[in-house]
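Produce the entire structure from the sequences given, and follow the hints as far as they go.
Single-letter residue listing:
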Amino acid sequence: MRGWQLASFALFFGLWELAGRWPVSAAFPPFSAAFLALVEMLRDGSLLKAYLITLQPLALGIVLCAVAGIGFGIGMGLSRSVEWLSLPIFIILQAAPMAAIIPLITYVYGIGLTSKVLAVIMLAAPVIVMNSYKGIRNTPPSLLQMCRSFQGTRRQEVMKIVLPHAAGLIFTGLRLGLAMGFIGIVIAELLITPTGIGDLITYNSSVADYPKMFAAIASIVALAASALYLLERLERRWFP
Amino acid sequence: MIVEVKGVRKTYDNGVEALRDVDLSFPKGQLSTLLGPSGCGKTTLLKIIAGLIPKNGGEVLVNGKAVHGPGPERAFVFQDFALLPWADVLRNVGFGLELRGVERKKRDEVARKYIAEVGLKGFEHRYPAQLSGGMRQRVGLARALTVDADIILMDEPFSSVDEQTRRKFQEDLLDLLRHHQKTVIFVTHSIEEAAYLSDQIALLSPRPGRVSKIVRPAVDRSKSPDEIRRDRGYLDTVDEIWGILRQYV
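For the protein sequence lines, the chains are A and B, in the order given. Residues 1 to 240 (our numbering) are what the first sequence spells out, left to right. Residues 1001 to 1249 (our numbering) are what the second sequence spells out, left to right.
The hints are simulated quantities; they were obtained by calculation from the structure and are not laboratory data. Check before you lean on any hint, since a few could be wrong.
[Unchecked claim] Label-pair distances were calculated between CB atoms; the ranges are: (1) B:A1116 - A:P240: 25 to 31 Å; (2) B:G1007 - A:P240: 45 to 51 Å; (3) B:G1101 - A:P240: 28 to 34 Å; (4) A:V67 - B:G1101: 28 to 34 Å.
Just so you know, these numbers come straight off a predicted model, no measurement behind them. Ideal placement from N, C-alpha and C gives every residue a C-beta, glycine not left out.
See below:
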C-alpha cells in the first residue's frame, strides 16, 4: 500500500516535470522549478508569513462553526421548533453558490478580517450543522425504546444515547466543514482582497513568476489534503 | 394472573388496524407465547404490554394495576438486540442499572454475575460488533435480567440467530428462566419454537390482530431437550397449531 502510494506521487510529479519541459505552455513550469521556488519561499519566510495571515480567518471561522454550528445542529435534532425555524436557512446556504454571495458580504462588512471569517463560516457551517442534525435524528429507534423500557429520563436518553451516537457524524461534519473552509478562505483571498496565500498566487501571477505561483497553489492543496487526511485517520480511530 | 390485557385496541396513524379487542391473561411464573403470521400485531401487543407504544383503547393490568408506560417490574428483550455499539458487554449489561442510578461498582458486580449466567464469561470487554448474533442476544437477555424484573418481554429474540445456536440458546433460556422463576411473554413466528418453549400459546389472526385460540401444550418438561422434540404431546401441539395457522397463510 505504502509503495503504491509513493509510486503514484512519483508518477504524478514525473508527468508534471515532463509536461513542464515539453513545454505545454510558457506559463507552465516543470515540477523541479516549482519545487525550487517553494524552497526559496520557505527560506525567505514569505510562505510562512502568508500562511499566518491565511490561517487566521480559517481557524476563527472553523472554531466559531464548531461551537455554534454543532450547537445549532444538536438543537435542531432535539427540538421540532428549532428545526422548523432554522432548517430552511441551512438548506438554502448549502445550495447557494458562494462565489456569488461573497461580493455581498464585502458590500456589508468591507474587506477586512470579518468578511473573510464570514466567507469561511458560510461555506463550512451548513455541512457542520446538517451533519450534527442528522447524527441526532438518525438515532436508532430501538435504542430509544430500550432506554425508555428501563425508565430512562429524557436527559439520560440525550446524554447516554443520542449524543454518543451522533458523535461520529458530528466529527465527520467538522472534517467536511474544514474542507469547505479551505475552499472558502482561498475564494475570499482571491475575490475580496489578495492577502496571505491568495496574495502570493495573484502577485506572482501578475509578475509572471509562474514557478512561485504554482508552488503557492501546490502548497495550499498539500496543506488542505494532509490536514483532512489526518482528521480522517483520527476519525477512523475514534469512531470505528 | 400477573398480566392481563383487556379489550386492547390499536390503530396506527396510517389507518392500519393492528389489534381489535384483544383479551388475554398471562399466568405468573409461566412462559407464554404470542404466535401468528407476520402482520398479526404480535409485536405491537408486546410493546403495548411493555408500555413502549400507546394503545387506542382497553387496558393492561400488571399485578392488578393498570399501567400506562414502562415500569420496573417489566424488562424488554429486543429483536435487534438494541445494544450500545460504543459500549462493551459489561457496560451494556449494566446499562439498565446505570439508568437507575446504581453506582458503578455495584452494577458491574451484578452485570458480571448475569454475564456468567448467560454463558458470556470472558467476553466482558468485547464490543457488540465483535460478537455473533447469538452472543449479542445473550447480552440483551443478561441486561433484562440485571434489573430483577418479574416479567421478561421478548420480541422474536431468536430471529437473527442461526439455527444451531438457536437450539442451544432455547435450552439455556428455559433453564435460566425456570431457575429465576420469571414470567415470560414471548413473540415468535416459529411454531416449533412456541411448542417447545411455552406453557401457553396465544394464536393471533392477522389484520386486525385478534386472539383466535389459546393452546396449552401437553409437554412433559422434565424430559431432556431431545426427548421433548420427539414427545407425542409436542408433535401433536405443532400439528394442532399448524392446522389453525394454515388458514391465514
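Checked hints:
1. B:A1116 - A:P240: 25 to 31 Å: holds, 28 Å
2. B:G1007 - A:P240: 45 to 51 Å: At 49 Å between Cβs, range holds.
3. B:G1101 - A:P240: 28 to 34 Å: Roughly 30 Å apart at Cβ, these two residues keep to the hinted range, so it holds.
4. A:V67 - B:G1101: 28 to 34 Å: Distance hint for V67 of chain A, G1101 of chain B holds at roughly 31 Å.
The structure agrees with every numbered hint stated previously.
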